[in-house]
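Engineer: One-letter residues, chain by chain:
There are 2 protein chains.
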Amino acid sequence: MVNFDYQNPTRVVFGKGTIPQAGALLKEYAASRVLLHFGGGSIKANGVYDAVKKSLAAAGIEAVELPGVQPNPRLSLVKEGIKFCRDQKLDFILAVGGGSVIDSAKAVSVGVPYGGDVWDFYTGKAIPQKALPVATVLTIAAAGSETSWSSVITNDDGGWKRPLDHQTIYPVFSILDPETTYSLPAYQTACGITDMFVHVFERYFTTVKNVDLTDRFCEAVMKTIINNARRLLENPRDYDARAEIMWCGSLAHNNLAGTGRIGDFASHMIEHELSAFNDVAHGAGLAVIVPNWMKFVYKHDIPRFVQFAVRVFGVEENFHNPEETALRGIRALRDFYTSLGMPATLSEIGVAEKDFQAIAGKIRKFDETRGTTGNFLPLTSKDVLEILKLAK
Amino acid sequence: MVNFDYQNPTRVVFGKGTIPQAGALLKEYAASRVLLHFGGGSIKANGVYDAVKKSLAAAGIEAVELPGVQPNPRLSLVKEGIKFCRDQKLDFILAVGGGSVIDSAKAVSVGVPYGGDVWDFYTGKAIPQKALPVATVLTIAAAGSETSWSSVITNDDGGWKRPLDHQTIYPVFSILDPETTYSLPAYQTACGITDMFVHVFERYFTTVKNVDLTDRFCEAVMKTIINNARRLLENPRDYDARAEIMWCGSLAHNNLAGTGRIGDFASHMIEHELSAFNDVAHGAGLAVIVPNWMKFVYKHDIPRFVQFAVRVFGVEENFHNPEETALRGIRALRDFYTSLGMPATLSEIGVAEKDFQAIAGKIRKFDETRGTTGNFLPLTSKDVLEILKLAK
Numbered sequence: 001m002v003n004f005d006y007q008n009p010t011r012v013v014f015g016k017g018t019i020p021q022a023g024a025l026l027k028e029y030a031a032s033r034v035l036l037h038f039g040g041g042s043i044k045a046n047g048v049y050d051a052v053k054k055s056l057a058a059a060g061i062e063a064v065e066l067p068g069v070q071p072n073p074r075l076s077l078v079k080e081g082i083k084f085c086r087d088q089k090l091d092f093i094l095a096v097g098g099g100s101v102i103d104s105a106k107a108v109s110v111g112v113p114y115g116g117d118v119w120d121f122y123t124g125k126a127i128p129q130k131a132l133p134v135a136t137v138l139t140i141a142a143a144g145s146e147t148s149w150s151s152v153i154t155n156d157d158g159g160w161k162r163p164l165d166h167q168t169i170y171p172v173f174s175i176l177d178p179e180t181t182y183s184l185p186a187y188q189t190a191c192g193i194t195d196m197f198v199h200v201f202e203r204y205f206t207t208v209k210n211v212d213l214t215d216r217f218c219e220a221v222m223k224t225i226i227n228n229a230r231r232l233l234e235n236p237r238d239y240d241a242r243a244e245i246m247w248c249g250s251l252a253h254n255n256l257a258g259t260g261r262i263g264d265f266a267s268h269m270i271e272h273e274l275s276a277f278n279d280v281a282h283g284a285g286l287a288v289i290v291p292n293w294m295k296f297v298y299k300h301d302i303p304r305f306v307q308f309a310v311r312v313f314g315v316e317e318n319f320h321n322p323e324e325t326a327l328r329g330i331r332a333l334r335d336f337y338t339s340l341g342m343p344a345t346l347s348e349i350g351v352a353e354k355d356f357q358a359i360a361g362k363i364r365k366f367d368e369t370r371g372t373t374g375n376f377l378p379l380t381s382k383d384v385l386e387i388l389k390l391a392k
Numbered sequence: 001m002v003n004f005d006y007q008n009p010t011r012v013v014f015g016k017g018t019i020p021q022a023g024a025l026l027k028e029y030a031a032s033r034v035l036l037h038f039g040g041g042s043i044k045a046n047g048v049y050d051a052v053k054k055s056l057a058a059a060g061i062e063a064v065e066l067p068g069v070q071p072n073p074r075l076s077l078v079k080e081g082i083k084f085c086r087d088q089k090l091d092f093i094l095a096v097g098g099g100s101v102i103d104s105a106k107a108v109s110v111g112v113p114y115g116g117d118v119w120d121f122y123t124g125k126a127i128p129q130k131a132l133p134v135a136t137v138l139t140i141a142a143a144g145s146e147t148s149w150s151s152v153i154t155n156d157d158g159g160w161k162r163p164l165d166h167q168t169i170y171p172v173f174s175i176l177d178p179e180t181t182y183s184l185p186a187y188q189t190a191c192g193i194t195d196m197f198v199h200v201f202e203r204y205f206t207t208v209k210n211v212d213l214t215d216r217f218c219e220a221v222m223k224t225i226i227n228n229a230r231r232l233l234e235n236p237r238d239y240d241a242r243a244e245i246m247w248c249g250s251l252a253h254n255n256l257a258g259t260g261r262i263g264d265f266a267s268h269m270i271e272h273e274l275s276a277f278n279d280v281a282h283g284a285g286l287a288v289i290v291p292n293w294m295k296f297v298y299k300h301d302i303p304r305f306v307q308f309a310v311r312v313f314g315v316e317e318n319f320h321n322p323e324e325t326a327l328r329g330i331r332a333l334r335d336f337y338t339s340l341g342m343p344a345t346l347s348e349i350g351v352a353e354k355d356f357q358a359i360a361g362k363i364r365k366f367d368e369t370r371g372t373t374g375n376f377l378p379l380t381s382k383d384v385l386e387i388l389k390l391a392k
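Chains as they are written, first to last, in the numbering used here: chain A, 1 to 392; chain B, 1 to 392.
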């Protein structure tokens, strides 16, 4: 285990019928004038918008609306939000929606008290010192942004998609009502399930040794996701399965699974550039990349791939041929994604081979000197190109 | 899953060589005059005391000492600490030690700003409104108090041992250096391991259905405890095993394992009265009580006991005789405690049958109307007496 410094201050109010608590909670946190940030029409269609507005009105909280957040949330709207908060003297942001809305809200929150360009935080040019408090009402189980310190924003100018991870952007509180996810299209549910699975997966594939507890914690989350995803395929209105998946989405990315270990995150970096390139859903992009990343790297630590196969997918271990077991684990994950209706190839998500080189060249580098991405096996742009070719 | 409201704000600074950060961390949290609360000589013998003092001095933090915390920490010292903090105008408490020291510090912290008798918080007569901030340097992996909202205090007057659980007493930060636990006697290490195991165990045995993720999380912690306890029996200076056990101790009792479910805690309530009765180590008392609690209650939910046996102890399931599998799980836990050198009977810990009635009568009731304790199977005083008889 490696040393760590961990704190996750976000309060989670979880369960059926919890949205009407939004107003009282905001009051508890001394919010007065709130930016109500959301996406398009889905929260109006499923009743969440009305429930939130009613609760805020009952608590005497004034809310000013900024809708329009798109999947792969845009820097341009973030900048609009920053100006809006300053002009309107708003002191709190309530994000109602999925990860894109929450990520956009977090970006606004660090931008408001900052004199420079908020994009500086996403390129590493500046580090946030403070932020407006953000609270969330979650309606999509996927990104884990509701209890994470992450925000991923796409710069419309040039199609760059970049993450910010910082202590100042943990939400103050998040309301998670699993019933809000009943109305999600099956494809979006599946994208969310894929995304949360990969959040744990990225932490699971580490070169740090002696990480028993967090290994088992990661395995617990991945197994729960698999089992409850299967239940949702049969019945999308299974409350208990929705609740398990929703709590998995948070715990997959609240950093606990990463304590004492160093995760990989190359698949995320590759996928970010796919999304920036043609606006593919993050989960769908990950479903294509991850099994091919596995094929490219597995020989560097076959025992870990065997452990994944056996403990996560219950593959029967071939003690005389660990590689066979490792490969069966990769195949099991591929089959799981397919069972969810996720794509398996880049061509299915509209990424052509002629663009591979450009995409591989844009990947965010973890090690600028060596020009590599990821930690399990640091990948050069050439390696990324190979993975894209495996995925074509 | 049942609804929940969860927040754990404690920051954890974990790993080898982290104690010298104490002073800088206190400064970060604006501490100026600090109560340095600890027990007896062990932190002086193992170098922790010197390392903390040096770090505080380097940061210019003034520390006023209150040593003398005993195992099963006493209300009398808590009251002394409250007066001391008020007289000396101390604004922060740094607890250096194990769960007893931290629990005592938490009691002082809620007592200082309270006009009444601090024991009111432990009898339920009053609810804390605020507390002095508490930080900790942990030297015993056991109680989980370093990241919990709990404090258990023994009232010297009458031998009552009572817990307080409240949001105000989460430590601000805790420093966990696994190397500090190298010097613990084997018996104390084993008591700690037993205690943390039971913290998860109490949450695991629930009547709430559909709690897949937290079931698996509990199993992850219990399995990690078992495997690493075995490594420590072979080599008490195995850093990785000490680190796993230390992080397990925190995650066992930081409330995450209990999200969405209702734990039992009858064994804890019974053990508290044993400790109050003859000052037995909490872990040792639990090792006696828990397997007998299991024998008394298992027929009320055999599938859960089968799951425990199979998933936690790897018992081969007898699909045609679930009861046999359940009983083998109870036996496996008993054997695990015995392998750690823990006692198995009340007579071994000096509790005689003539006192059973008095002990059973003192147990804290969860349901005053029905006079019962515990949630998995609410126990009457008569039931508790039966469990004590099984444990004699």
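Each hint should be verified, as a subset may be incorrect.
Identical copies look the same in the list; a pair holds intra-copy or inter-copy alike.
[Said to hold, decoys possible] Derived pair list, reagent style DMTMM-like, types lysine to aspartate or glutamate, alpha-carbon separation capped at 25 Å:
{"no.": "1", "residue 1": "K392", "residue 2": "D240"}
{"no.": "2", "residue 1": "K130", "residue 2": "E317"}
{"no.": "3", "residue 1": "K54", "residue 2": "E316"}
{"no.": "4", "residue 1": "K44", "residue 2": "E317"}
{"no.": "5", "residue 1": "K299", "residue 2": "E62"}
{"no.": "6", "residue 1": "K125", "residue 2": "E316"}
{"no.": "7", "residue 1": "K53", "residue 2": "D5"}
{"no.": "8", "residue 1": "K27", "residue 2": "D5"}
The hints are simulated quantities; they were obtained by calculation from the structure and are not laboratory data.
Engineer: Take the hints in turn and mark each one as holding or not.
Structural biologist: Okay, the hints, checked on the actual structure:
{"no.": "1", "hint": "K392 x D240", "result": "neither (37 Å within a copy, 42 Å between copies)"}
{"no.": "2", "hint": "K130 x E317", "result": "neither (50 Å within a copy, 54 Å between copies)"}
{"no.": "3", "hint": "K54 x E316", "result": "neither (53 Å within a copy, 54 Å between copies)"}
{"no.": "4", "hint": "K44 x E317", "result": "neither (49 Å within a copy, 50 Å between copies)"}
{"no.": "5", "hint": "K299 x E62", "result": "neither (57 Å within a copy, 55 Å between copies)"}
{"no.": "6", "hint": "K125 x E316", "result": "neither (49 Å within a copy, 57 Å between copies)"}
{"no.": "7", "hint": "K53 x D5", "result": "between (38 Å within a copy, 22 Å between copies)"}
{"no.": "8", "hint": "K27 x D5", "result": "between (31 Å within a copy, 16 Å between copies)"}
The structure shown violates the earlier hints numbered 1, 2, 3, 4, 5 and 6.
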